[in-house]
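Asker: Below, each chain spelled out in residue letters.
Number of protein chains: 2
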Amino acid sequence: MNRPEKGREIHLRRNPTGTPVEDDFEVVVVPVIKPADGEVLVRTRFFSVDPYMRGRISAARGYADPWPPGEAMRGGCVGEVIESGDPALPVGAFVLGGYGWREYYRARADEVNRIEPGETPLSAYLGVLGMPGMTAYVGLLTIGGLERGESVFVSGAAGAVGSTVCQIARLHDCRVVGSAGSERKVEWLTERARIDAFNYKKNTDLTAELKSRFPDGIDVYFDNVGGAHLEAAIANMNRHGRIVACGMISTYNTTEPPPGPRNMMRIVGERLTIRGFIVGDHAEQRERFTERMTSWIESGDVVYEETVVDGIENAPRAFIGLFSGENLGKMVVKV
Amino acid sequence: MNRPEKGREIHLRRNPTGTPVEDDFEVVVVPVIKPADGEVLVRTRFFSVDPYMRGRISAARGYADPWPPGEAMRGGCVGEVIESGDPALPVGAFVLGGYGWREYYRARADEVNRIEPGETPLSAYLGVLGMPGMTAYVGLLTIGGLERGESVFVSGAAGAVGSTVCQIARLHDCRVVGSAGSERKVEWLTERARIDAFNYKKNTDLTAELKSRFPDGIDVYFDNVGGAHLEAAIANMNRHGRIVACGMISTYNTTEPPPGPRNMMRIVGERLTIRGFIVGDHAEQRERFTERMTSWIESGDVVYEETVVDGIENAPRAFIGLFSGENLGKMVVKV
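One line per chain: the protein sequences are A and B, in this order. When we follow the working numbering, the leftmost residue of the first sequence carries the number 1, and every step to the right adds one. When we follow the working numbering, the leftmost residue of the second sequence carries the number 336, and every step to the right adds one.
Check each hint, because a few of them may be wrong.
Computed list of chain B residues with no C-beta within reach of chain A, every gap over 10 Å [to be verified]:
1) GLY353
2) ALA394
3) ASP400
4) GLU415
5) ASP421
6) GLY453
7) GLU518
8) ASP551
9) GLY582
10) PRO596
11) GLU605
12) ARG606
13) ASP616
14) TRP631
15) GLY646
16) ILE655
Straight-line Cα separation of at most 25 Å, SDA-like style, residue types lysine to any residue; simulated pairs [claimed, not checked]:
17) LYS536/B <-> PRO257/A
18) LYS34/A <-> ALA60/A
19) LYS546/B <-> ARG56/A
20) LYS211/A <-> PRO592/B
21) LYS211/A <-> GLY390/B
22) LYS334/A <-> VAL27/A
23) LYS334/A <-> GLY70/A
24) LYS211/A <-> GLY397/B
The hints are simulated quantities; they were obtained by calculation from the structure and are not laboratory data. We put the beta carbon where it would ideally sit given N, CA and C, even for glycine.
The following block holds chain A by itself, in its conformation from the complex (with noise of 0.2 Å):
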């Protein structure tokens, strides 16, 4: 296709203050500009959009620098260069980036990845494939130590992160229990991925549920969510127990620092690990987790499910949406 001469840009107006408002956000018109000799031009075919962004749109300096407003809000996104400066890179190929939430940019060749999707979904690239799906892989093999047959939690089960965990553990023969917000989210995870889960909406002691679903115990728990869901998991935590702290989203938009577990000494007691983790310090294990969950993929073994928003303009609400629990599956943006 030719180069157009403006796309659209969702750019961060302001931080927001608790939950994200759409008026947090705006679509802004930037012209295309060619690409230097090095550069690509890339048409985003789909961007992501995900729950640790809140945290860089903060004011506050969180693990990393934050986004600041007035520019793109940044990510992964998949797309297919349209005009190129670097013979390794033709018109037609396609690349992962990490540049948001755009129709176009522009990019020195060496600073996305190509990708060869043949059969694949490009959007698989955002989410099974991609950083969520080695978040999964990384935290419960590597930062768990899951081993053979453990009993395991996992919270936000149904998300893109928890999903994959949860269908790691039972290909590890480990029962495994996911907790999720909606009736049609237990019900995928119950008949699609194949583990037992529950409403944690329906239930308001948490710590009883998961007495009653874990009888002897939790080995590893999992956790997305934070909140009562750690406090309820450190209650049930087997001696020895692992805790991976991958997220916790009911705390994200909390506007007074959110409670904490009130029974930390059950760390000492249980003799406890809770370890928090991030991906992208784990870049070594890219290349065999792509080789295994592709394979576990192509056995249907690992299945996945996404919720695609369709249009740029939209992605501030499958954003905030994030947060409801509106996505089933990875969240991605359609562009």
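Knowing the structure of chain A, use the given hints to seat chain B on it.
Answerer: Okay, now just chain B, sitting in the frame of chain A:
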């Protein structure tokens, strides 16, 4: 000495609610019985009162079975064999046992450990050379994975465990800061243990205090206190920092579940590890620990302090005093 007819013990009368009071305990006079074959009769010289005992006298099962009301309090004790039914432990031998708050006890010879104190004060086997000393050693080196030159924060730094942690860290060329609850303790830490220390009761903002004491952050936090200390430490941990969860004395007497750290998300972002442990799981390190600690004490590299309370009838007061910080170093009861 001859076997007396009767001896005193301190029994738990009832499970304390909140902070224990003296009335939760009672002095009971019991007959002193001749040891059978394979048994010894021991006259206790010193016994231990430790914070962990608070958990054991709660009605609820903690990480171990509770000690029931109507029985003698348990715990570490050192004494001398005064009558023996086992040639391997003759009269006059010194032994370390777990028989608690009693003037005399009978035990199978293989259920006590012979010690050869030589120049070492007997009470040291309850402190720096005993369970608390080994807790410090295992916790800091094995659980915390301390590396030379790291920045180490220790709470409860003037207690039996904390004071030893501080000095082991100092011997590993670490920058060490301890928190304690009185000027006298701070002075001891600074002048005798030769580390930096502050009185946390003089400052309401622990997070800011740690920020000023550790402008480059904390690598290892050895937690004896929990509560506000833990939250403040989490706020100041460096990336990949480790928190050794040894005890949480600030929470032991709460009647409501104590508030947890409100900044748990830093565990994810900064890739922190919180790991609990119980020294009893690491018995294989005892020999090496004893060897190294003995050598550190002989060289003056590790100094230790004891708070000795005289008279078995004062044991409840000594125990209760642990929670208001009346001990400098190890609190022991001299019988």
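Asker: Now tell me, hint by hint, if it's right for this structure.
Answerer: Now the hints, each set against the structure:
Residue-level check passed: GLY353/B sits 16 Å from the nearest beta carbon of chain A, beyond 10 Å. Here ALA394/B stays apart from chain A, with its beta-carbon at least about 15 Å from theirs, past the 10 Å limit. Listed as a non-interface residue, ASP400/B keeps its Cβ farther than 10 Å from every Cβ of chain A; the least gap is roughly 12 Å. The beta carbon of GLU415/B sits about 34 Å from the closest Cβ of chain A, which is more than 10 Å, so the claim that it is off the interface holds.
The Cβ of ASP421/B lies farther than 10 Å from every Cβ of chain A, with a closest approach of about 35 Å, so its non-interface assignment holds. No Cβ of chain A comes within 10 Å of the Cβ of GLY453/B; the nearest lies about 34 Å off, and the non-interface call holds. Non-interface status of GLU518/B relative to chain A is upheld: no Cβ of that chain comes within 10 Å, the nearest being about 29 Å off. For ASP551/B, the shortest C-beta to C-beta distance to chain A comes to about 16 Å, beyond the 10 Å cut-off, and the non-interface label holds.
Residue-level check failed: GLY582/B sits 6 Å from the nearest beta carbon of chain A, not beyond 10 Å. Separation of PRO596/B from chain A is inadequate, the least Cβ-Cβ distance of about 4 Å not exceeding the 10 Å criterion. For GLU605/B, the condition that its CB be more than 10 Å from all CB atoms of chain A is violated, with the nearest at approximately 6 Å. The Cβ of ARG606/B sits about 5 Å from the closest Cβ of chain A, inside the 10 Å cut-off, so the non-interface label is violated.
Listed as a non-interface residue, ASP616/B fails to keep its Cβ farther than 10 Å from every Cβ of chain A; the least gap is roughly 7 Å. Every Cβ of chain A is farther than 10 Å from the Cβ of TRP631/B; the closest lies at roughly 26 Å, confirming the non-interface assignment. Against chain A, the non-interface label of GLY646/B holds: every CB pair exceeds 10 Å, the least being about 32 Å. Interface exclusion of ILE655/B from chain A stands, the closest Cβ pair being 19 Å apart, more than 10 Å.
Straight-line distance between C-alpha atoms of LYS536/B and PRO257/A comes to about 23 Å, which keeps the hinted pair within the 25 Å bound. Between LYS34/A and ALA60/A, the direct Cα distance comes to roughly 36 Å. Violation of the 25 Å bound is thereby established for this hinted pair. Distance hint between LYS546/B and ARG56/A is fulfilled; the C-alpha atoms sit about 23 Å from each other, no more than 25 Å. About 19 Å separates the Cα atoms of LYS211/A and PRO592/B, which keeps this hinted pair within 25 Å; it holds.
With a C-alpha separation of about 22 Å, the suggested pair LYS211/A and GLY390/B falls inside the 25 Å cut-off, and the hint holds. Restraint check: the Cα-Cα separation between LYS334/A and VAL27/A comes to about 15 Å, which is no more than 25 Å; the hinted pair holds. Simply put, LYS334/A and GLY70/A have alpha-carbon atoms about 23 Å apart, close enough for the 25 Å limit, and the pair holds. This hinted pair checks out: LYS211/A and GLY397/B have alpha carbons roughly 16 Å apart, not beyond 25 Å.
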